[in-house]
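There are 2 protein chains.
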Amino acid sequence: MNRVRFALLSLAFLVLTAAAVRAMDALPKAPMAPAHNPPTAAKIELGKQLYFDPRLSATGTVSCNSCHNVMEAGEDDRPVSVGVDGQKGARSAPTVWNAAFLSVQFWDGRAASLEEQAKGPLVNPIEMGMADHKAVVERIRNIPGYRQEFGEVFGGSDPVTIDNVAMAIAAYERTLITPNSPFDRYKAGDKQALSAEAQRGMKKVESLGCTTCHSGPVFAGPALPEGQGFFMKFPTVAGSGYETRYALAEDPGRYSVTKSEDDRNLWRVSQWRNIAVTAPYFHNGSVATLDEAVRVMAATQLGRDLKPDEVSDIVAFLNSLTGEFPQQTMPRLPVMPEKSAIE
Amino acid sequence: MNRVRFALLSLAFLVLTAAAVRAMDALPKAPMAPAHNPPTAAKIELGKQLYFDPRLSATGTVSCNSCHNVMEAGEDDRPVSVGVDGQKGARSAPTVWNAAFLSVQFWDGRAASLEEQAKGPLVNPIEMGMADHKAVVERIRNIPGYRQEFGEVFGGSDPVTIDNVAMAIAAYERTLITPNSPFDRYKAGDKQALSAEAQRGMKKVESLGCTTCHSGPVFAGPALPEGQGFFMKFPTVAGSGYETRYALAEDPGRYSVTKSEDDRNLWRVSQWRNIAVTAPYFHNGSVATLDEAVRVMAATQLGRDLKPDEVSDIVAFLNSLTGEFPQQTMPRLPVMPEKSAIE
Chain V
1 MNRVRFALLS LAFLVLTAAA VRAMDALPKA PMAPAHNPPT AAKIELGKQL
51 YFDPRLSATG TVSCNSCHNV MEAGEDDRPV SVGVDGQKGA RSAPTVWNAA
101 FLSVQFWDGR AASLEEQAKG PLVNPIEMGM ADHKAVVERI RNIPGYRQEF
151 GEVFGGSDPV TIDNVAMAIA AYERTLITPN SPFDRYKAGD KQALSAEAQR
201 GMKKVESLGC TTCHSGPVFA GPALPEGQGF FMKFPTVAGS GYETRYALAE
251 DPGRYSVTKS EDDRNLWRVS QWRNIAVTAP YFHNGSVATL DEAVRVMAAT
301 QLGRDLKPDE VSDIVAFLNS LTGEFPQQTM PRLPVMPEKS AIE
Chain F
1 MNRVRFALLS LAFLVLTAAA VRAMDALPKA PMAPAHNPPT AAKIELGKQL
51 YFDPRLSATG TVSCNSCHNV MEAGEDDRPV SVGVDGQKGA RSAPTVWNAA
101 FLSVQFWDGR AASLEEQAKG PLVNPIEMGM ADHKAVVERI RNIPGYRQEF
151 GEVFGGSDPV TIDNVAMAIA AYERTLITPN SPFDRYKAGD KQALSAEAQR
201 GMKKVESLGC TTCHSGPVFA GPALPEGQGF FMKFPTVAGS GYETRYALAE
251 DPGRYSVTKS EDDRNLWRVS QWRNIAVTAP YFHNGSVATL DEAVRVMAAT
301 QLGRDLKPDE VSDIVAFLNS LTGEFPQQTM PRLPVMPEKS AIE
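Sequence lines, in order, name chains V and F. Sequential numbering of the first sequence, starting at 1, is according to this note's numbering. Sequential numbering of the second sequence, starting at 1, is according to this note's numbering.
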């Protein structure tokens, strides 16, 4: 991306920001579901089963939950995720909690919706490794309990389809919301909910300019129409040393989707919700601690070298964005009677 | 094992059988816990967290639940299990449901208790792959929420120990009981609970002699004192062809523990509870279907070639041993704040 284009893009961000973004919003109670995929209790339960079912992977060992672990903070606490046969990917699993509030999915925004996202890892050879979507559908269709549930939820003569698999999983994911963080309680009027340190941090992220991008309900930018991504170049400011130390520019980011030079090292702006409990950080999971992540962002995005107390104030504020993870029941995965699902 | 010794051993089994075994018992409500590990609600919840926590493996990707999946029927629906780095073991994961009623653990009975069993996979290089128990304890001790819970549950100045880890996991596992199978309801007086086919199968497994070994509360033999195993040679009758087809004699079984020739191809008698939903079958997971498993057992253990209707009757009876899997809540795994658990 040449400098002029980048400056124009930045200007566009700032204008957008001034109009609608800069606010730090409380978390909405529930995300909007697309009109074609209204949630029902049965669909959500089916989606939960599919989300937790490792039989949706080639080896029967990797489920959606393996990398986006709902019982952890929605991810896997590792630098990069591990798929079938122990294969490692190149990117760190983002948390599934509150992902429904993001307007595009994946680090590079290559999926416009949760529905579209859910179809990807199933057939990624280093993730769940199924040969194709037909193989996924056949695996599910062979399990009698699933056949029955898909019929009840979606109807029709052939209810087990990859689109219905994705819709059920997305419907479940839209229930994964973490309300009542200290920040949300503060915004709702409980002025004791944030420590003095966290309140200083809150002012600091505004005055430094972090919230130019990290705004909105999950601090990942404004709530845009589904599929319209809010991207930013990372790293933008060269010369900090972090770029090399953490290999931040090696992965071309959105360029790998569009093959446009303008998109080199462009990334979807990450959410801040639960950021204190979803280490390690950045697309390649190269930074293990939150304080270092704050230093890296200040240096690479704002050209700032923060003082230790500035870092600790910001870290205190980011901790205040850890919400409540509602208790969930375990799904019962439909059994394969009298024979093995995986041979 | 020479033939005389084997005949003597068989005789001993038969005597034991006549005295105490042959009964097919209803499932008890709860197993006995050892005196040194009384269950409490907090200990069980801690054990559930540990059981589901993949951070107890070297790579942060394999938990107890990965292979003994509580949401499936307590195992992984695969021939053999997959540990860290995609490594495959040589044996099929037995179900954790009702394992508390077994008097020894592992296929070869090398653990005398659930507590002892829980320590094994953690440090098995092809399972969870931790360097040693010290590394497991350090991983857990680094997570503040675990430190606090261990203190509350076990007390003392150094509550995070490998023995306490194992005790918590075992306490959780003792809650994994599947009551109210059709067979149990039949035994309790509901004569409609078993189909005519299943009732014929129930008589058939007694008349054929299956229940000489497969008796007791989980059909894995008599309830012996903890640590006293009920083992049987498998395969015993040569010449069926199954031995070669399914490589049944390649793994020396209990011999690998004792190095005694008498123990070659000796195995703990497997439970029948939920057998219809825990395919594939046998120590090496080589038989994919229940009907084939029935044919193999009749041929290799009793020298019998069953007719198709005998097989289908027995399969109907075995299906009646599928119990109810109680709904469970998901544990919340204690978070590692501001840094990554796995680097």
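Some clues are possibly wrong.
Just so you know, same-sequence chains aren't split out, so a pair can sit in one copy or run between any two.
[As the list claims (entries may be wrong)] In silico DSS-like links for lysine-lysine, alpha-carbon gap of 30 Å or less:
1) K29 - K88
2) K339 - K307
3) K88 - K134
4) K203 - K134
5) K187 - K119
6) K187 - K204
7) K191 - K339
Think of the hints as simulated: they come from the structure by calculation, not from any bench. It should be emphasised that the depicted structure is a prediction, and the values quoted were computed from it without experimental measurement.
Here's how the hints hold up against the structure:
1. K29 - K88: This pair counts as neither: shortest intra-copy Cα distance 35 Å, inter-copy 44 Å.
2. K339 - K307: between (62 Å within a copy, 20 Å between copies)
3. K88 - K134: both (25 Å within a copy, 26 Å between copies)
4. K203 - K134: Classified as neither: same-chain Cα gap 52 Å, cross-chain 44 Å, threshold 30 Å.
5. K187 - K119: Result: close neither inside a copy nor across copies, 37 Å intra and 47 Å inter.
6. K187 - K204: within (17 Å within a copy, 70 Å between copies)
7. K191 - K339: For K191 and K339, only the inter-copy Cα distance (28 Å) is at most 30 Å; the intra-copy one is 59 Å.
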